[in-house]
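Peer 1: Below are the chains, spelled out letter by letter.
There are 2 protein chains.
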Amino acid sequence: MGFFYFSSKDAQFALRLFLEGKSSYGIMALMSIIVAVDIGGTHLRAAAYNHNQFQPIAYKRVETKASEPNAFSRLIKVIEDIWPQNEKVDAIGVSTPGPVDPHTGIVMVTPNIKEWRDFPLTAKLTEHFGIPAWVDNDANLAGLAEWKFGAGRGHHNVLYLTVSTGVGGGVIIEDRLLQGYHGLAAELGHSTIQVDGPLCGCGKRGHLESFSSGTGIERFVAEQLNAGRESVLHPTKKNSAYMISEAAKQGDALAIEAYSIAGKYLGIGVANFLHAFDPSIVIFGGGVSQSGPLLFDSFEVSLKEQVIHPRYLDGLVITKAELGDDSGLLGARALAELKLQK
Amino acid sequence: MGFFYFSSKDAQFALRLFLEGKSSYGIMALMSIIVAVDIGGTHLRAAAYNHNQFQPIAYKRVETKASEPNAFSRLIKVIEDIWPQNEKVDAIGVSTPGPVDPHTGIVMVTPNIKEWRDFPLTAKLTEHFGIPAWVDNDANLAGLAEWKFGAGRGHHNVLYLTVSTGVGGGVIIEDRLLQGYHGLAAELGHSTIQVDGPLCGCGKRGHLESFSSGTGIERFVAEQLNAGRESVLHPTKKNSAYMISEAAKQGDALAIEAYSIAGKYLGIGVANFLHAFDPSIVIFGGGVSQSGPLLFDSFEVSLKEQVIHPRYLDGLVITKAELGDDSGLLGARALAELKLQK
Numbered sequence: 001m002g003f004f005y006f007s008s009k010d011a012q013f014a015l016r017l018f019l020e021g022k023s024s025y026g027i028m029a030l031m032s033i034i035v036a037v038d039i040g041g042t043h044l045r046a047a048a049y050n051h052n053q054f055q056p057i058a059y060k061r062v063e064t065k066a067s068e069p070n071a072f073s074r075l076i077k078v079i080e081d082i083w084p085q086n087e088k089v090d091a092i093g094v095s096t097p098g099p100v101d102p103h104t105g106i107v108m109v110t111p112n113i114k115e116w117r118d119f120p121l122t123a124k125l126t127e128h129f130g131i132p133a134w135v136d137n138d139a140n141l142a143g144l145a146e147w148k149f150g151a152g153r154g155h156h157n158v159l160y161l162t163v164s165t166g167v168g169g170g171v172i173i174e175d176r177l178l179q180g181y182h183g184l185a186a187e188l189g190h191s192t193i194q195v196d197g198p199l200c201g202c203g204k205r206g207h208l209e210s211f212s213s214g215t216g217i218e219r220f221v222a223e224q225l226n227a228g229r230e231s232v233l234h235p236t237k238k239n240s241a242y243m244i245s246e247a248a249k250q251g252d253a254l255a256i257e258a259y260s261i262a263g264k265y266l267g268i269g270v271a272n273f274l275h276a277f278d279p280s281i282v283i284f285g286g287g288v289s290q291s292g293p294l295l296f297d298s299f300e301v302s303l304k305e306q307v308i309h310p311r312y313l314d315g316l317v318i319t320k321a322e323l324g325d326d327s328g329l330l331g332a333r334a335l336a337e338l339k340l341q342k
Numbered sequence: 001m002g003f004f005y006f007s008s009k010d011a012q013f014a015l016r017l018f019l020e021g022k023s024s025y026g027i028m029a030l031m032s033i034i035v036a037v038d039i040g041g042t043h044l045r046a047a048a049y050n051h052n053q054f055q056p057i058a059y060k061r062v063e064t065k066a067s068e069p070n071a072f073s074r075l076i077k078v079i080e081d082i083w084p085q086n087e088k089v090d091a092i093g094v095s096t097p098g099p100v101d102p103h104t105g106i107v108m109v110t111p112n113i114k115e116w117r118d119f120p121l122t123a124k125l126t127e128h129f130g131i132p133a134w135v136d137n138d139a140n141l142a143g144l145a146e147w148k149f150g151a152g153r154g155h156h157n158v159l160y161l162t163v164s165t166g167v168g169g170g171v172i173i174e175d176r177l178l179q180g181y182h183g184l185a186a187e188l189g190h191s192t193i194q195v196d197g198p199l200c201g202c203g204k205r206g207h208l209e210s211f212s213s214g215t216g217i218e219r220f221v222a223e224q225l226n227a228g229r230e231s232v233l234h235p236t237k238k239n240s241a242y243m244i245s246e247a248a249k250q251g252d253a254l255a256i257e258a259y260s261i262a263g264k265y266l267g268i269g270v271a272n273f274l275h276a277f278d279p280s281i282v283i284f285g286g287g288v289s290q291s292g293p294l295l296f297d298s299f300e301v302s303l304k305e306q307v308i309h310p311r312y313l314d315g316l317v318i319t320k321a322e323l324g325d326d327s328g329l330l331g332a333r334a335l336a337e338l339k340l341q342k
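Protein sequence lines, in the order shown, are assigned to chains A and B. Each residue of the first sequence is one higher than the one before, starting from 1 at the first, in this note's numbering. Each residue of the second sequence is one higher than the one before, starting from 1 at the first, in this note's numbering.
Just chain A, same shape as in the assembly:
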């Protein structure tokens, strides 16, 4: 016989999972500990989670060191550092940026660890730790994390968009993560919304990302400055999306216009996604989505103009992500939990 003491937040969390039918005595007994890993741009994070607690029971963060060799050994070391001593770990979940095949667990390329090319990450982890492992990309898993633990709780159809250097997507349909046949679904930044439009980071033209990402905002400002437009922004130095947002807050007309255009095209892209997925919530993550009315005033006007039927907006929640830096870890955790339940 024993008693478990939860913090108030954890008790609420366990109760909510139970009430939402995402947890039951049987599942609790099956799933004790999940190890989650987030291979981020600056930091490699690992944590161990007890299924009934929101907070990790162990957590470690080290620098990613993208160009150093022996990345897999360094990864193993971080995982071992947070591995629970006296409890069984059931599965490992991993979040990584860049193209990955979640069905085979092969990381094709990741900017954060240069030596990995078609690297069989989950097979290697399973070989080492003797338990199942799953991987998916960071945007998909941030969406999954927001659905399970964040702003999307209680929703069954979720559209998550990260608006940052690029634009990425994660989609939940009827409580399942949209992955696709090759595991490449929800690459929503790479939707053509203007044939022969501006160049995108991927090499194609006119994608949503080429208009509404930080890079797109910077490109527009650079073009206008080159054409001789007046602004408080420096005409030859690189102006970051953040610097542009600061200039906009000081009333700079060019900076304001740059964000307004990004918001307008974001509304066009999101209308397309409403027509495609018809979610009940749209969640925005990423640095550029922190710009408030600068971006979202024109976004709202444009979204309302573009939807083909007002019913798409009935009860639709549009909100910000809640989980911040932990979304990768929590998404990796949610992925492992979801796969174990299958």
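I should point out that these hints are in silico values taken from the structure, not numbers from a laboratory. Hints are supplied without guarantee of correctness; some may be wrong.
[What the hints assert, rightly or not] Pairs of lysine-lysine, DSS-like flavour, derived with a Cα cap of 25 Å:
no., chain 1, residue 1, chain 2, residue 2
1, B, 339, B, 60
2, B, 339, A, 339
3, B, 88, B, 60
4, B, 238, A, 204
5, A, 342, B, 342
6, B, 204, A, 304
7, B, 77, B, 65
8, A, 114, A, 60
9, B, 342, A, 339
10, B, 339, A, 342
[Stated by the list, open to error] Covered stretches of chain B, going by a simulated chain A footprint (3 or more residues, C-beta under 8 Å):
no., stretch
11, 212-225
12, 278-289
[To be verified] On the chain A side, residues computed to face chain B include the following (Cβ under 10 Å):
no., residue
13, 53
14, 54
15, 57
16, 101
17, 185
18, 189
19, 202
20, 273
21, 309
22, 312
Model, not experiment: these values are computed from the prediction. Beta carbons: idealized from backbone N, C-alpha and C, even for Gly.
Assemble chain B onto chain A, guided by the hints.
Peer 2: For chain B alone, coordinates are given in the frame of chain A:
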């Protein structure tokens, strides 16, 4: 004790369902007869299906008569005409064009029956027949039918596109029909691919449908003829998409260009959908998709140019729909079977 005699096609069908795990002894026992209804533009069709047979055990087709009153009574009459005398019917499935809420069974508007406005179709059918009824729109159900009985058999992630007067979509994700929160998902013809592009039938601009539908092809030809371009096509009369395809087959440069442009934009749209859904098969239905190389030569070039990673095309099947006029009935049947299995 008794023996059931199947035709060879039906025996193969039952075996396939069983092997694919879509049928089992338990489900067979649960689901004996489904009644399917297709409210089409010219004909109202109804059929009764035994779960183990591909061919209907009863079938009737009458004219739709969109503007006549008492549509529901006429519908009831057609259904009663094919209702099996000595067997239990488990559910009714209905296919209808136009916006419908599959979650509540309310037909908002349908061009084929003008008197129905926010008409609670499934509730009325259940009230009359005492069994559950489900409804969804024709493009979704044609996609579902192709997945279960047609070109998409054995695939788990299917993108169906009908290219006809308009462009419609139906999407299957991991063996489930994508319906969305309001039941309005997969309205894929209404994806903006060219901001401020040509006017679409829905009143917005630059949608895939405004370029690649029969209407889009006709619009392009009319514009070019108005501008004085030479062609065998009549400069003032209306040229239908079919007439334009005939002119193209005779070598008319304008007609050839009209189809080629439609195919190019269709490739751009489908690339967007691969990035969003990542299916293993793309199935084309609808009259305009019967145009062969006229449409699909430029489509293929454009699709290959537009995908952001060649992996989307690995093993991807691109093919024509198999079910023709019966796709509405078979989709309505598949919907009812799917819902009963839940």
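Peer 1: Please go over all the hints and tell whether each is borne out by the structure.
Peer 2: Each hint tested on the structure:
1. 339(B) to 60(B): holds (24 Å)
2. 339(B) to 339(A): Holds - the C-alpha atoms of residue 339(A) and residue 339(B) are around 24 Å apart, at most 25 Å.
3. 88(B) to 60(B): Holds, because 19 Å separates the two Cα atoms, which is no more than 25 Å.
4. 238(B) to 204(A): violated (37 Å)
5. 342(A) to 342(B): holds (16 Å)
6. 204(B) to 304(A): Since the Cα atoms of residue 204(B) and residue 304(A) sit roughly 12 Å apart, the hinted pair holds (cutoff 25 Å).
7. 77(B) to 65(B): Judged against 25 Å, a Cα distance of about 14 Å means the pair holds.
8. 114(A) to 60(A): It holds: about 22 Å lies between the C-alpha atoms, which stays within 25 Å.
9. 342(B) to 339(A): This hinted pair holds, its Cα atoms lying about 20 Å apart.
10. 339(B) to 342(A): Given pair residue 339(B), residue 342(A) holds - Cα atoms ~20 Å apart, limit 25 Å.
11. 212-225: violated (count 0)
12. 278-289: Result for this restraint: holds, n = 3.
13. 53: Hint on residue 53(A): violated, closest Cβ of chain B at ~30 Å, above 10 Å.
14. 54: violated (26 Å)
15. 57: violated (32 Å)
16. 101: holds (8 Å)
17. 185: Because about 4 Å separates residue 185(A) from the closest Cβ in chain B, which is inside the 10 Å limit, the hint holds.
18. 189: Because about 9 Å separates residue 189(A) from the closest Cβ in chain B, which is inside the 10 Å limit, the hint holds.
19. 202: Where the cut-off is 10 Å and the nearest Cβ of chain B is about 5 Å from residue 202(A), the hint holds.
20. 273: Constraint on residue 273(A) satisfied, holds at 8 Å.
21. 309: With Cβ-Cβ at 6 Å, under 10 Å, it holds.
22. 312: holds (6 Å)
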